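A.B. asks: Sequence:
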Amino acid sequence: FVDVGQSVKKGDILCIVEAMKMMNHIEAETSGTIESILVENGQPVEYDQPLFTIV
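Here my numbering is used: the first residue of the sequence shown is 665, the next is one more, and so on.
Read the hints as simulated data drawn from the structure, not as lab findings. All the pointers check out, no bait thrown in.
Label pairs and their calculated CB-CB ranges:
hint : residue 1 : residue 2 : range
1    : E691      : V668      : 16 to 22 Å
2    : V719      : M684      : 29 to 35 Å
3    : Q713      : V668      : 14 to 20 Å
4    : Y711      : G669      : 23 to 29 Å
5    : K674      : D712      : 16 to 22 Å
6    : V719      : K685      : 32 to 38 Å
7    : I677      : G706      : 17 to 23 Å
8    : V719      : F665      : 15 to 21 Å
9    : L702      : S671      : 14 to 20 Å
For clarity, every value in this text was computed on a predicted model and none was experimentally measured. C-beta: ideal position from N, C-alpha, C; glycine also.
Using the sequences and the hints, build the whole thing.
C.D. replies: See the structure below:
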């Protein structure tokens, strides 16, 4: 959903993670600019794994 360099506000939906056939909206914990995306679309992720860097 978001791209590097995009401005986001706290609570904005950054992406959707599928877990056990349920779609979970991942919201920004803080306002800022997306500095980096740490995982690729479709890549498995672990609980509490960072997905984005926001500065």
